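Novice: In case you want the letters, here they are:
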Amino acid sequence: MSLYCKEKSRGTSLFEMMIVIAISSIILVSIGNLIRVGVDYYFYSTAQIEVQRNALLSLSIMTQELTGSTYESVYTENSAPPTLDPNDGLLFASAVNEDGVDTDVAPGHQGYPGDTVRDSGGNLLWINMICYYIGEVDGKKALLRTRERLAGPPFSTNPPDPVALGLNDIAHFKAIVSPVGFMARGITKMKTVEKTDALEITLTAEVKEGRNWLEMDVSTTIVPRN
Amino acid sequence: MLRRRQRRGHNLLEAMLAAMLFATVVVGLLGLWEMQFQAMLKSKETAVASFVAEKIMEECVAAGFGKAKDLYSYKPSQVKVDSRTKSGTRTTVYRFEITVDSHPSSVDQELVTVKVYYNRDEGEVDDSNFDSRGKRTVEYHTYLNRNG
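Protein chains in written order, with my numbering: chain A, 1112 to 1337; chain B, 3 to 150.
It is worth saying that the hints were derived from the structure and are not from the lab.
Certain hints may be false.
[Unchecked claim] Cβ-to-Cβ under 10 Å is the rule here; a few derived chain A residues that face chain B:
id	residue
1	1157
2	1166
3	1174
4	1175
5	1326
6	1328
7	1332
Note that the structure is a prediction, hence the values are computed from the model and not measured.
Glycine included, every Cβ here is placed at the ideal spot set by N, Cα and C.
Given the sequences, and given the hints that come with them, work out the whole structure.
Specialist: Listed below in structure tokens is the structure:
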């Protein structure tokens, strides 16, 4: 009986306390890690979705613009001297008016921005050179777009050849300060492969969030058909 | 005797039963996790396929009556997404086609269908092997009118 009472009133020993603290610490650290990994993954997933959407949207816009161009007017730095980075720029002609209300580009032209400009015979008038390139914004790589208006009016109905015009220099377009369009952040590379009458474009997007990283290539083949 | 019995620990059978139960629950939970991961990947791919289909359909509508079928002349028309992460590489090919059918009762209308087929980890897809695989499809339809 006396033994029973003694046993019942006994408190927790230091050893028991240490074990309880050790187990609690392990559980708390595990839960903390789990929460941190979860939060990291949430930010990573959000960044991943954003970068994927940016890459697809950029590719879609490039597809729309390039299909309105002509194969003779497309220039990629793959055909440039090997001293240049072969994969950081793409140049092509456009017949779309982007200069606001402009009735001077062709007789009878309404002049609205976004119009495809044609002469009285219905032929396309090439008025801009468009350049897509990988540049930097706030120290981070991004896909940028710029353009230069060709000499005119009158504008040529023949597809302009960037090499013949001396415009086959992506560095020249990179130096243009305005207008520069910011297309998408997180795009770190642009690769172009010239095929017969078609162009394969690959955009590489990168995400780094915490310990997670993703590198994604989005590619398609485009036929400039005008 | 009674006191000795009360202080007895678990026997081997009880421990094994407990371990088995625990293992079953853990394996079930892991399976659930894997299923959820696959469902997330599938929904991501469906979202991309829908995006591709929507953009192409927009282009068809912008091109107008009689011009949609010539929009993507390069075959196979596709968007390829290669993802590289620390856990590995995954490739999904979104192949699309535009079909134009005349309206059964009106010559001034045509039915445009945009179909996007997609499959994961299949690399390049061509006509000979695509149909034999478990493909998934997103399909959009619209009528185009001759007079806009």
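Novice: Hints first: check each against the structure and report whether it holds.
Specialist: Taking the hints in turn, this is what the structure says about them:
1. 1157: The hint is violated - residue 1157(A) has no Cβ within 10 Å of chain B, the shortest such distance being about 13 Å.
2. 1166: 8 Å, holds
3. 1174: Because about 8 Å separates residue 1174(A) from the closest Cβ in chain B, which is inside the 10 Å limit, the hint holds.
4. 1175: Since chain B brings a Cβ to about 7 Å from residue 1175(A), closer than 10 Å, the hint holds.
5. 1326: OK, holds: residue 1326(A) within 10 Å of chain B, min 4 Å.
6. 1328: 4 Å, holds
7. 1332: 5 Å, holds
Against the hints set out earlier in the document, a violation occurs for number 1 only.
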